[in-house]
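A.B. asks: Chain by chain, the residues:
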Amino acid sequence: MGQFRRQTLIAVAACLGCAAARAQPAAGPMVELMLGDGFGSFTLVNRGPAVQLRSAIKVERQVDAGWQDARVTNFYLIEQCTRAPVPACITLAAGATLRPMPWLGNFCYAQCPVNCELDGPLPAGSYRFVVMTCDGTRQFASPPFQKKQ
Amino acid sequence: MVISVVRGSPQLTVVARQSVQPPTAAGGDLRFRSNAITLRGTCQLTGDPGDNPAGWTLGMIQLKWISTDWAYYRGRVNGDGSVFLQAARPPARPTQSCRDTITPGAVFIDNNPGADRTVAAAGAAFPIAMTAQFSDAPSRTWSLTRNNGAGGLTGPVNFIREAQTEAHFCTVLSLMSPAGVFQHLKCIYWNVHWQGRFLPTNFANINAPWTITQTGGALGNMAGLSKVIDGAPSDPRFSGIVTTAAAPHCNTLIRNALNNPNERRSNVWANFDVRH
Numbered sequence: 001m002g003q004f005r006r007q008t009l010i011a012v013a014a015c016l017g018c019a020a021a022r023a024q025p026a027a028g029p030m031v032e033l034m035l036g037d038g039f040g041s042f043t044l045v046n047r048g049p050a051v052q053l054r055s056a057i058k059v060e061r062q063v064d065a066g067w068q069d070a071r072v073t074n075f076y077l078i079e080q081c082t083r084a085p086v087p088a089c090i091t092l093a094a095g096a097t098l099r100p101m102p103w104l105g106n107f108c109y110a111q112c113p114v115n116c117e118l119d120g121p122l123p124a125g126s127y128r129f130v131v132m133t134c135d136g137t138r139q140f141a142s143p144p145f146q147k148k149q
Numbered sequence: 001m002v003i004s005v006v007r008g009s010p011q012l013t014v015v016a017r018q019s020v021q022p023p024t025a026a027g028g029d030l031r032f033r034s035n036a037i038t039l040r041g042t043c044q045l046t047g048d049p050g051d052n053p054a055g056w057t058l059g060m061i062q063l064k065w066i067s068t069d070w071a072y073y074r075g076r077v078n079g080d081g082s083v084f085l086q087a088a089r090p091p092a093r094p095t096q097s098c099r100d101t102i103t104p105g106a107v108f109i110d111n112n113p114g115a116d117r118t119v120a121a122a123g124a125a126f127p128i129a130m131t132a133q134f135s136d137a138p139s140r141t142w143s144l145t146r147n148n149g150a151g152g153l154t155g156p157v158n159f160i161r162e163a164q165t166e167a168h169f170c171t172v173l174s175l176m177s178p179a180g181v182f183q184h185l186k187c188i189y190w191n192v193h194w195q196g197r198f199l200p201t202n203f204a205n206i207n208a209p210w211t212i213t214q215t216g217g218a219l220g221n222m223a224g225l226s227k228v229i230d231g232a233p234s235d236p237r238f239s240g241i242v243t244t245a246a247a248p249h250c251n252t253l254i255r256n257a258l259n260n261p262n263e264r265r266s267n268v269w270a271n272f273d274v275r276h
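Protein chains in written order, with my numbering: chain A, 1 to 149; chain B, 1 to 276.
No wet-lab data here; the hints were simulated from the structure.
All values derive from a computational prediction rather than experimental measurement.
Among these hints, one or two may not hold up.
[Stated by the list, open to error] Derived DEER-like restraints, expressed as beta-carbon distance ranges:
#  : chain 1 : residue 1 : chain 2 : residue 2 : range
1  : B       : Ala129    : A       : Cys89     : 42 to 50 Å
2  : A       : Asp37     : B       : Pro90     : 44 to 52 Å
3  : B       : Gly105    : A       : Gly28     : 30 to 38 Å
4  : B       : Pro90     : A       : Asp64     : 44 to 52 Å
5  : B       : Asn202    : A       : Cys89     : 34 to 42 Å
6  : B       : His276    : A       : Gly95     : 51 to 59 Å
7  : B       : Asn202    : A       : Pro49     : 42 to 50 Å
8  : A       : Asp64     : B       : Arg76     : 52 to 60 Å
9  : A       : Gly28     : B       : Ser4      : 57 to 65 Å
10 : B       : Leu153    : A       : Pro49     : 34 to 42 Å
11 : B       : Leu219    : A       : Gln68     : 38 to 46 Å
12 : B       : Val181    : A       : Pro49     : 30 to 38 Å
13 : B       : Ser266    : A       : Pro87     : 27 to 35 Å
14 : A       : Gly28     : B       : Leu225    : 53 to 61 Å
[Claimed, not checked] Over the 12 Å line for every Cβ pair with chain B, so calculated as not near, a few chain A residues:
#  : residue
15 : Lys58
16 : Ala65
17 : Gln68
18 : Ala70
19 : Ile78
20 : Ile90
21 : Ala141
22 : Pro144
Ideal Cβ placement from N, Cα and C applies to all residues, glycine included.
Assemble the whole structure, with the sequences as input and the hints as a guide.
C.D. replies: Structure (structure tokens):
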């Protein structure tokens with residue numbers, strides 16, 4: 001199991017494209033993703049107004065100089081495992097904090113007990129978490145972290 | 001001479017044989033887990049000087065062709081009823097056969113990036129050694145409890161009493177040309193089975209230990225593995241979906257089936273026909 005590299009936690013708000021970035025007012029959504037101590041854990045803090053976020057969390061892997069979707073599924077903005085269906089989007093109130101259940105490092109059994117056929121751990125490397133606004137216009141990324149084999 | 005496989009070079013090796021772990025009850029779930037199978041495939045490509053090997057790809061293709069997934073729940077007393085959940089028959093599971101990848105629509109196994117395939121590079125000198133390796137550890141999870149009302153949301157609490165899972169796979173070592181033509185070199189069949197009966201030692205606290213009895217005889221809790229077979233699988237139950245673009249995606253099928261199993265309920269401890 002890999003571990004996070006301990007470091008100063010800096011929020012990265014990445015825009016999906018220059019046009020989208022220009023369209024965002026200065027007071028737009030500003031969500032900070034801070035890595036936690038244990039592998040796969042992180043916290044969201046909403047530094048801006050209330051925002052609707054997609055429940056599904058993306059995991060991206062650094063490949064060369066860029067970031068690629070690591071194809072992780074069943075990883076959501078939920079603080080507890082539940083058998084209830086996860087809504088497509090959630091609202092994060094202004095100033096609110098959310099601590100999702102950690103990523104376990106797998107493709108399919110990513111967070112909570114789930115039934116998978118093919119699964120497996122992702123390879124060692126540099127990763128980051130990405131959450132997106134419900135309308136898809138903004139995304140917020142965590143600082144990169146290392147996963148060991 | 002066109003680019004081709006060196007005669008006698010394809011090998012499919014079982015690096016680690018799969019095994020099943022005894023069922024466990026923990027964290028509100030009944031868990032069937034296995035220790036991973038690891039398969040490694042190799043072959044060599046040859047060609048004439050000047051032939052371009054770029055894009056030739058060696059990988060593994062995995063088909064699931066038998067699924068058994070049912071669970072029987074019953075209340076603490078006869079009057080609390082019972083529920084049978086069937087996740088391996090329509091409509092919960094529309095079809096048995098599927099292709100097993102992380103990415104829906106993918107053909108080659110893709111859960112071991114950097115090692116699950118070899119893509120030949122332009123200018124590589126012949127013969128070219130190609131390898132592909134992956135591991136797979138199927139598992140299954142059932143909730144320990146389910147309410148006896150519609151959808152499991154209301155009514156008396158029922159406790160999982162019996163469950164069975166069987167998953168049968170065929171894994172194919174295959175070479176794909178840059179034009180997308182597949183040459184199936186070797187294949188192997190393997191499976192995992194779990195079956196058991198379960199009883200809480202404390203109905204008021206399902207986190208207390210459960211009494212777990214493995215059932216099904218010699219085939220109830222086991223892992224099987226065939227010999228390595230030359231060429232492509234010929235079984236008509238899944239030979240048609242080895243590479244077809246529209247093949248059902250196993251992870252999607254199992255997620256949907258287990259999230260919305262076929263449900264039969266009774267007001268008493270009923271005997272259900274687990275075949276349907």
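A.B. asks: For A:Ala65, is the shortest beta carbon distance to chain B beyond 12 Å?
C.D. replies: 18 Å, holds
A.B. asks: For B:Ala129 and A:Cys89, compare the CB-CB distance with the range 42 to 50 Å and indicate the outcome.
C.D. replies: Once the Cβ atoms are compared, 49 Å apart, the range 42 to 50 Å for A:Cys89 and B:Ala129 holds.
A.B. asks: When you look at the beta carbon of A:Ala141, is every beta carbon of chain B farther off than 12 Å?
C.D. replies: Fine: 20 Å to the nearest Cβ keeps A:Ala141 off the interface.
A.B. asks: For the range 30 to 38 Å, tell me whether the beta carbons of B:Gly105 and A:Gly28 fit it or not.
C.D. replies: 35 Å Cβ-Cβ, so the 30 to 38 Å window holds.
A.B. asks: Is the hinted range of 53 to 61 Å satisfied by the C-beta distance from A:Gly28 to B:Leu225?
C.D. replies: 56 Å, holds
A.B. asks: Against the range 34 to 42 Å, how does the distance between the Cβ atoms of B:Asn202 and A:Cys89 compare: consistent or not?
C.D. replies: Holds, since B:Asn202 and A:Cys89 (Cβ atoms, about 40 Å apart) stay within the stated range.
A.B. asks: Given the hint of 44 to 52 Å, is the C-beta distance from A:Asp37 to B:Pro90 inside that range or not?
C.D. replies: 47 Å, holds
A.B. asks: Using Cβ atoms and 12 Å as the threshold, tell me whether A:Ile78 really stays out of contact range of chain B.
C.D. replies: 15 Å, holds
A.B. asks: Is 42 to 50 Å a correct range for the gap between the Cβ atoms of B:Asn202 and A:Pro49?
C.D. replies: Once the Cβ atoms are compared, 48 Å apart, the range 42 to 50 Å for A:Pro49 and B:Asn202 holds.
A.B. asks: Could you check that no beta carbon of chain B comes within 12 Å of the beta carbon of A:Ala70?
C.D. replies: Violated, because the least Cβ-Cβ distance between A:Ala70 and chain B comes to about 9 Å, which does not exceed 12 Å.
A.B. asks: Is the nearest Cβ of chain B still more than 12 Å from the Cβ of A:Gln68?
C.D. replies: Check fails; 10 Å does not lie beyond 12 Å.
A.B. asks: That 52 to 60 Å hint for A:Asp64 and B:Arg76 (C-beta), does it hold up?
C.D. replies: 59 Å, holds
In summary, the numbered hints that this structure violates are 12, 17 and 18.
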